[in-house]
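Could you build all of it, start to finish, from the sequences and the hints given here?
Chains as they are written, first to last, in this note's numbering: chain A, 1 to 112; chain B, 1 to 112.
Among the hints, a few may not be true.
Dumping the calculated BS3-like pairs for lysine-lysine here, alpha-carbon to alpha-carbon at most 30 angstroms [as the list claims (entries may be wrong)]:
1. B:Lys71 / B:Lys11
2. B:Lys11 / B:Lys62
3. A:Lys69 / A:Lys54
4. A:Lys3 / A:Lys54
5. B:Lys71 / A:Lys3
6. A:Lys3 / B:Lys62
Everything labelled a hint here was simulated from the structure, so no lab data went into it.
In this text the structure is predicted, and so the values were computed from the model without any measurement.
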Amino acid sequence: LAKTTQPISMDSYEGQEVNITCSHNNIATNDYITWYQQFPSQGPRFIIQGYKTKVTNEVASLFIPADRKSSTLSLPRVSLSDTAVYYCLVGPGSGNTGKLIFGQGTTLQVKP
Amino acid sequence: EAGVVQSPRYKIIEKKQPVAFWCNPISGHNTLYWYRQNLGQGPELLIRYENEEAVDDSQLPKDRFSAERLKGVDSTLKIQPAELGDSAVYLCASSLITDTQYFGPGTRLTVL
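Take a look at the structure:
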């Protein structure tokens, strides 16, 4: 099983770049890495997904080293509204067998 | 485009009573997931459907939990009888084959 490990919490200030790292030493060949954001009383919201190297979209970047045993979510210039819990998910694509496992989540607190 | 719809949003029941949750996935999404999220924890997969077939139900407590996805669209998750430890948020998600999961707002269950 591709278990994931993340820091429990992080603090930052508005305007700073935030990097959250997830460890997944037992990642399988067909596993993708996906990050979600969750606000209180809401379901998780997709942020970004990758398989290897670097992926960037309008809200974040995802860095995955060659061995794929870890990944780093990078949030540029965070604002107060980025205060949330961030989850790292490792799992296969649909149609494949295997477990979909969420990490413990990292609570990001952005301060003014 | 409408997102994943869940009902009810909140449910309070006495222990030993039955309860059911309903989910309507995003139109065209063939994969549907049910998760349980305990307070302060990441979502835990209960069951995953590919169309109408349950392809992963290994985490579903089958002595009291059941689920169905008739016609491969809407899904219902049932608990009978409910126990105190079942108090949690029950999340439904759906996806296409890319495995980007889109979550509903969840149903918060309180068992008294």
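Structure-based check of each hint:
1. B:Lys71 / B:Lys11: Holds, because 26 angstroms separates the two Cα atoms, which is no more than 30 angstroms.
2. B:Lys11 / B:Lys62: 21 angstroms, holds
3. A:Lys69 / A:Lys54: Distance of about 14 angstroms is within 30 angstroms: holds.
4. A:Lys3 / A:Lys54: Holds, at roughly 21 angstroms.
5. B:Lys71 / A:Lys3: Roughly 33 angstroms between the alpha carbons, so the hint for B:Lys71 and A:Lys3 is violated.
6. A:Lys3 / B:Lys62: The hint holds at about 24 angstroms.
Hint compliance for this structure: hint 5 alone is broken.
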